[in-house]
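Please build the complete structure, drawing on both the sequences and the hints.
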Amino acid sequence: MIMRSKADHTAAIVQDRRAVLVVNTRSRRGRRHYADVLRLLQEAGFRLSGVHPITDPSRLRETVVRALSSEPDLLIAGGGDGTLSSTIKHVAGKDVALGVLPLGTTNNFARSLGLPLDLAGAVGVLTGGKVADIDLGLCGDRPFANLTSFGVSVEVAGTVKPWLKRIMGRSAYPLTAMTILPGHQPFRAYITADGRRHELLTHQLNIANGRFHGGWQIAKDAGIDNRTLVAYQLGSGKRLRLIGETLVRATTGKWRSLAGGPFVTGTEMLVETDPPMAADIDGEVRLRTPLVIKTIPNGVRVMVPQEFVDR
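Number 15 in the working numbering belongs to position 5 of the sequence shown; there are no gaps in the numbering.
One or more of the hints may lead you astray.
[Said to hold, decoys possible] Pairs of lysine-lysine residues, derived as DSSO-like cross-links and limited to a Cα-Cα distance of at most 30 Å, are as follows:
1) K99 - K16
2) K230 - K16
3) K230 - K304
4) K304 - K16
5) K104 - K16
6) K104 - K304
7) K230 - K99
8) K304 - K99
Derived by calculation from the structure, the hints in this document are not laboratory data.
Following this line, the structure appears as structure tokens:
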């Protein structure tokens, strides 16, 4: 596919404002703010060739494909990390940019892009920002934007209560993890990156493409456009230590040093576990270890603030 330069693509979006809109209105915030989204985009002068509220998440794929058939310059997606990760795979490698309206609980992807988390600010980026091409993660054959994880998080994703998310926001996830931990068994993980094999005993293993997890920064030098995956464990095989670290994150948001050694980084990783485990790929539990996880450099175009460093 012939791709415009990022400068030309930016100019087209800012000048012509040809876009389509997809919003997950099944979510509480999507449903509550849907009218505000339409108003703000209209006030910003966007010419929407399609408006697609989604009440059935199983129809997200066909909705996004239909929305892209009008060949817009910008696909504006409103939702949480799950919605955005499911959407981004259809934009990858195409001459269309993704515009993000953060309507989730943790909004890790939006935070990694440096976007404002309020709707007016996010729409402002769509009109006054720029097109950048960022890295895309690939777990097996499934693209992802933020994170692939193994262990407690797989159970948390299926257990966290919607009412708790409404009340506690991003703290709902570590608090739910604390209720699961007493009965959770540790596992061994083997990560091969850059020719070196690392062995961990842990309850939780994360491999991040972005900079944020659970709404908190993973590390200062983590990024979504640096060609690097970051693997890290939360706690060790000792359950009490993991509970302590989880409690600290739930109450303060402060990241503790990782037990068992430093971060493992690389552009490609082979992940094996004993026993074989399911992978939570941006909230979608599909594949099982062993898995190859890698980056697709500059795999997708997004609208970002002018100060975003585009590598």
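Now the hints, each set against the structure:
no.: 1; hint: K99 - K16; in the structure: holds (19 Å)
no.: 2; hint: K230 - K16; in the structure: holds (27 Å)
no.: 3; hint: K230 - K304; in the structure: holds (21 Å)
no.: 4; hint: K304 - K16; in the structure: holds (24 Å)
no.: 5; hint: K104 - K16; in the structure: holds (12 Å)
no.: 6; hint: K104 - K304; in the structure: holds (20 Å)
no.: 7; hint: K230 - K99; in the structure: holds (26 Å)
no.: 8; hint: K304 - K99; in the structure: holds (15 Å)
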